[in-house]
Amino acid sequence: MKKFRKVLDGLTTSSPVNPSGSSSCGSAAGTPSAAQTPRELEIQETLMSEHFQICKTVRHGFTYQPTALAFDPVQKILAIGSRSGGVRLLGRPGVDCYCLHESGAAVLQLQFLINEGALVTACADDTLHLWNLRQRRPAVLHSLKFNRERITFCHLPFQSKWLYVGTERGNTHIVNIESFVLSGYVIMWNKAIELSTKTHPGPVVHLSDSPKDEGKLLIGFESGTIVMWDLRAKRADFRIYYDEAIHSVSWHHDGRQFMCSHSDGSLSMWNLRNTAKPFQVTFPHGKTQRDGRKESCKPILKVEYKTSRNSSEAFVIFSGGLSYDKAGRRPTLTIMHGKAITVLEMDYPIVDFMVLCDTPYLNEIQEPYAVVVLLEKDFVVVDLTQSNFPIFENPYPMDIHESPVTCTAYFADCPPDIIPILYSIGAKHKKTGYSHKEWPLSGGTWTVGSQAYPEIIITGHADGSIKFWDATAITLQMLYKLKTSKVFEKPKTGEVGRGAELVEDDPFAIQMISWCPQSRIFCVVGISAHVILYRFSKHDASTTITSLEVRLQCDMEDIISPSDTENTPCFSDPSGHSPQPQPPSPRSITPDSVRDSIHCLKVKDRMIRMPPGYQAELVVQLLWVDGEPPQQITCMDLNSAYGLLAFGNCNGVAVVDYLQKTVLLCMSTLELYGSADPFQRLTRSPRKNRQSTSGLTELSDNQVSLDLERSKSPTSDHVNGHCTSPTYQPCPSGRGRVPGGLEGPRLARRGPGRPPFRKAQSAACMEVSLPVSSLTEGYSSRRAMLQQLHGVSMYSHDEHHTTNYSWSERESRENSFSRSRSSSVSSIDRETKEAVTTLQFAESYGRKSDTLPTPCLWVGTSLGLVLIIPMSIPTDEQERQEDPITVAPTATVLMLKGSVLRFGFLDCGGALILNPYEVWRDQHAPEDPDRPRKRKLFNFSPSSSQEAIGDGHLAVVCSERQAKVFLMPSQACLYVHNITESSFVLRADVVSVCNSVCLAIFCANGHIMTLSLPSLRPLLDVNYLPLTDMRIARTFCFTNGGQALYLCSPTEIQRITYSQEMCDNLQEMLGELFTPIETPEAQNRGFLKGFFGGNAQTFDREELFGEAAAGKASRSLAQHIPGQGGMEGMKAAAGGVVGELARARIALDERGQRLGELEERTALMMTSAETFSKHAHEVWKWERRGDRENETINEYWGLAI
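Mind the numbering: the sequence shown is residues 389 to 1589 in the numbering used here, read in order.
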């Protein structure tokens, strides 16, 4: 508990700021012009640095770039490997675990230790890893790095501790799973083949022990050579030389025959009685041509040969093998059962597949019941027990990437009734035709933790679809899907004209999402400069969608002209400010506007029947003006209590009353300032021909010139009142640029075939193609990055220019950065725009003289300025529907360093002020005369508390470089914190954590920070997530409860937590991968069958491969690496009761190890004692013998005398 006391005398904690929040002119002391009445503000901050810790919680979605597949038939757990070194473990719904190899090497193969709770992974860096799955967070116990040879194939027999490893050189090594060391037993390739063979057989592509005799190992080489190696005799039983390359081998359960798949699309059957030639060769998809030859087919990459108890015919399942002449056919999986052949076409190429069987024993009837098919971008399980082979309904969220994800939103602690309602509506639109059997992957255990609360994730996609996901208790389930494209007309075939050329492949792509869970009003922003507002209803309705058109574009540019004599703006006295030239309103009509006032998409203008769920009510579209397309929308906010919607772009801001279906405000940013504009702006010179591109050096839009970086050093110091002129930030929105100025936001008139919008820049499609340096160094501010995020032109105060830049559009519709070599362009021709970067409705004070809060719209711009627009909204419901709303922009201006990103509001006790909202009511429900339908509003204004009357509230403003806390209505700056100087903020949110409030920040350099409120005291600063691509910047978002998420790959969502409390409870929330299950007993084979068929159980691998018999392998061949995630990983991951048990187990293991060492030393001492005793006894015997000899001699001489 820490108490902060602050005397509000106009002074801040870091720099002097006057009460208006603006920098004082010519005063180093920053003495306020009007002293505030001193009073004491007591705020108790409970958050400390001990409350924060960052860790990953769970990963959702389909494994990106999968490579391998494995299944434990007893535990019923599935493992998927990926190219990035990740391993995904799946069981029953809720049992979903992701682990990653530290090396990041691609996973080549996976092998379960069946029913042992362990997994072996073979990676592309020629390293084997042993994972312990008996803990909720799997950890690597051992690693074995091969130094001389490349690993190509691995095989682990059931209930064996010896792993066979094939290499690229054709050798086969054997690894002890318990100690993870190599055995001295090696099958060299030159001993496996005949000495007369002149060619190398190639890498090992298959290893398997015979179901009939475990002492026989079948080795398949890529060239087509197959060797049956007798492990006991250390020689080859037989060798097969086939003309076609081998891709896979599969045994019949009786061990007498096996099947091979080949590169020519054929399947060959071999019998052990006669290995001279195959007894059957088939081309399943190859037809016989007229000349008698088979048509060429694609390779069969894998085949599975399984027997069934209910049928005498075996299942033959394989991938590939189609003929080459059938171009355009999709990848297939073929199921052959007797004479019936079923070809299943897949949407994506097949990576791997595996047949699931009841028994883990290879020498028993397999009884297959399903086949798991791993595709490049999907995961399918086919039911083999039904003749039509239906697929199982996948309980995992594997279709997040069905259309590329373009934006995300995360809502924690939602109303408890919203999830069941969305699920009931979405269940009516689910696909049918799935298998009625239970999901076959039923391993592990999972229960909903005690810390669970309703959470919803919303994803926007490139095709215009919206998906609502239930994210409660670290799970993810699809709730409801909404298609925004249904609002618009489909373009007619052959339609010509500008309206048909406005957009390209993804005209409906979603850019932004705004959702009010309490009122269930939903709003989206599309890439075609349109906004759609939805209301939720449980009933279907037939309505007409209202369409509004907004001309948010100015013919004159907002020019910021740096003065040689005065570079510091002073607007403490608005009345004395020099008059500003007023450009025409965005709504002004030019002679060309009638011809050019068209929209990008056409809204359906007829009666539409809408099913239950979210129903479109209003569409707002920005229009083309003077032959130029509208700028894309950069920010949006919605307030259900006010019934207002606001959005802005680089031209200005618009406010829409969606209850009355009218546009209340449509103004440029310059008009909002009025006489309080802190900058000297000059109008643009008349348009002239600027098409010359001579002397330009073009770069790709994914690269940034080093000279550009050098010219963008942040030099402004707004706290001390110094403000440099803004600089241009490039913007690849797909629109044409005009060279010759600092920025060319105005387009040249479009010629034929030059659409203004590019294909949607989806977050999913952005690969890891940009190095960190190009994102954290090449872009000196957030504006340069937003060129790829939103396609807008923005400027920031903390950047200054020394060079002129220009843009030009290529015919290939690629934006390129161009730097002019000439510096003779005068300042009057340099064009800049002040973009609106953030908006928020709130109960606040629009003027210093206000005594009570009123509805206001807070506007943040790319120049770091904040404007407050008060509004007068009728409180009576009838008046609200009929009377107009008064919107009066004021001269209130606050200033920060960098583009403004986020607003938040606290009462004077430090508690978060929630936005007022309207309680949801179903507008299409049947009328109830006893309960008239009225609007019910909830208002969280600080004036609702008697203690807070007249105290005002605190406003938290965060920009890309700075955070400030202002006291309203005095507008005095209480706290200032400079977040970063070398990077910039990408995302900032005021969130609730541990019953308190903090400011969560994500920077472009990968740092995640939290600041206390209102004192802005740093609580957490961790370099956690390097920004390697734009996908993270697009999709990263915070939410309450200390959680956040981002799109870690085009197909996966990664959820993280920065709360220590959630990190402590994470172990209880995760599922258990391993459950104690008794291994099924092998079938009784009978006396005669066992006698004549051989007995595989008598084979002792320890006797052959152990150190006593085979010796030690060469140390230079492989290096053993102890697992860092073994005991230490268990200690770090353990928590709660499970942690105590794990620590007790660790202590017992360590104690047992020490006792074992003590026992060895005791035994050594006993051996030494026994040896010493023997030697002493021998010495004593020799001494006794010498004494007797002396006595005999003495007696002899005595007698002689």
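A couple of the hints might just be wrong.
In silico DSS-like cross-links for lysine-lysine, where the CA-CA straight-line distance does not exceed 27 Å [stated by the list, open to error]:
1) LYS727 <-> LYS690
2) LYS586 <-> LYS533
3) LYS869 <-> LYS825
4) LYS549 <-> LYS533
5) LYS765 <-> LYS727
6) LYS727 <-> LYS869
7) LYS816 <-> LYS992
8) LYS765 <-> LYS871
9) LYS579 <-> LYS549
10) LYS665 <-> LYS690
11) LYS665 <-> LYS727
12) LYS874 <-> LYS926
13) LYS690 <-> LYS871
14) LYS765 <-> LYS819
15) LYS600 <-> LYS665
16) LYS992 <-> LYS1049
17) LYS444 <-> LYS690
18) LYS464 <-> LYS765
19) LYS464 <-> LYS825
20) LYS1500 <-> LYS1562
21) LYS1500 <-> LYS579
22) LYS549 <-> LYS464
23) LYS665 <-> LYS579
24) LYS990 <-> LYS874
25) LYS579 <-> LYS622
26) LYS549 <-> LYS665
Ranges of calculated distance between the beta carbons of each label pair, as one might list FRET restraints [to be verified]:
27) GLU1547 <-> LYS533: 30 to 36 Å
28) GLU1265 <-> HIS927: 19 to 25 Å
29) PRO1414 <-> ASN1383: 29 to 35 Å
Don't read these hints as lab results, they were simulated from the structure. Quick reminder that beta carbons are idealized off the backbone N, C-alpha and C, glycines included.
Checked hints:
Only pairs whose Cα atoms come within 27 Å are accepted, and LYS727 paired with LYS690 is accepted, the gap being roughly 20 Å. Restraint check: the Cα-Cα separation between LYS586 and LYS533 comes to about 31 Å, which exceeds 27 Å; the hinted pair is violated. Proposed proximity of LYS869 and LYS825 is supported: the alpha carbons are some 25 Å apart, at most 27 Å. Under the criterion of a C-alpha separation no larger than 27 Å, the hint pairing LYS549 with LYS533 is consistent with the structure, at around 18 Å.
For the hint linking LYS765 to LYS727, the alpha-carbon distance of about 32 Å lies beyond 27 Å, and the restraint is violated. The suggested pairing of LYS727 with LYS869 is violated, with an alpha-carbon distance near 42 Å, which exceeds 27 Å. With a CA separation close to 25 Å, the supplied pair LYS816 and LYS992 stays within the 27 Å bound. Note on LYS765 and LYS871: the hinted pairing holds, with a Cα-Cα distance of about 22 Å set against a maximum of 27 Å.
Distance hint between LYS579 and LYS549 is fulfilled; the C-alpha atoms sit about 25 Å from each other, no more than 27 Å. Straight-line distance between C-alpha atoms of LYS665 and LYS690 comes to about 21 Å, which keeps the hinted pair within the 27 Å bound. Between the alpha carbons of LYS665 and LYS727 the distance comes to roughly 24 Å, so the proposed pair stays at or under 27 Å and holds. With a C-alpha separation of about 19 Å, the suggested pair LYS874 and LYS926 falls inside the 27 Å cut-off, and the hint holds.
Restraint check for LYS690 and LYS871: not satisfied, since their Cα atoms lie roughly 39 Å apart, outside the 27 Å limit. The suggested pairing of LYS765 with LYS819 holds, with an alpha-carbon distance near 19 Å, which does not exceed 27 Å. This hinted pair checks out: LYS600 and LYS665 have alpha carbons roughly 21 Å apart, not beyond 27 Å. With a CA separation close to 17 Å, the supplied pair LYS992 and LYS1049 stays within the 27 Å bound.
For the suggested pair LYS444 and LYS690, the alpha carbons sit about 36 Å apart, so the restraint of at most 27 Å is broken. As the CA atoms of LYS464 and LYS765 are separated by approximately 23 Å, the hinted pair is consistent with the 27 Å bound. The straight-line distance between the Cα atoms of LYS464 and LYS825 is roughly 15 Å, inside the 27 Å bound, and the hint therefore holds. This hinted pair does not check out: LYS1500 and LYS1562 have alpha carbons roughly 33 Å apart, beyond 27 Å.
Our distance criterion of 27 Å between C-alpha atoms is met by LYS1500 and LYS579, whose separation comes to about 20 Å. For the suggested pair LYS549 and LYS464, the alpha carbons sit about 20 Å apart, so the restraint of at most 27 Å is met. This hinted pair checks out: LYS665 and LYS579 have alpha carbons roughly 22 Å apart, not beyond 27 Å. A hinted pair counts as satisfied when its Cα atoms are at most 27 Å apart, and LYS990 with LYS874 qualifies at roughly 11 Å.
As the CA atoms of LYS579 and LYS622 are separated by approximately 9 Å, the hinted pair is consistent with the 27 Å bound. Distance restraint check for LYS549 and LYS665: the Cα-Cα separation of roughly 35 Å exceeds the 27 Å cut-off, and the hinted pair is therefore not satisfied. Range check, GLU1547 to LYS533: about 32 Å between beta-carbon atoms, so the 30 to 36 Å window is met. Here the CB-CB span from GLU1265 to HIS927 is close to 22 Å, well matched to the stated 19 to 25 Å.
The hinted window of 29 to 35 Å between PRO1414 and ASN1383 holds, with their beta carbons roughly 32 Å apart.
Violation of the numbered hints given earlier is confined to hints 2, 5, 6, 13, 17, 20 and 26; the remaining hints are satisfied by the structure.
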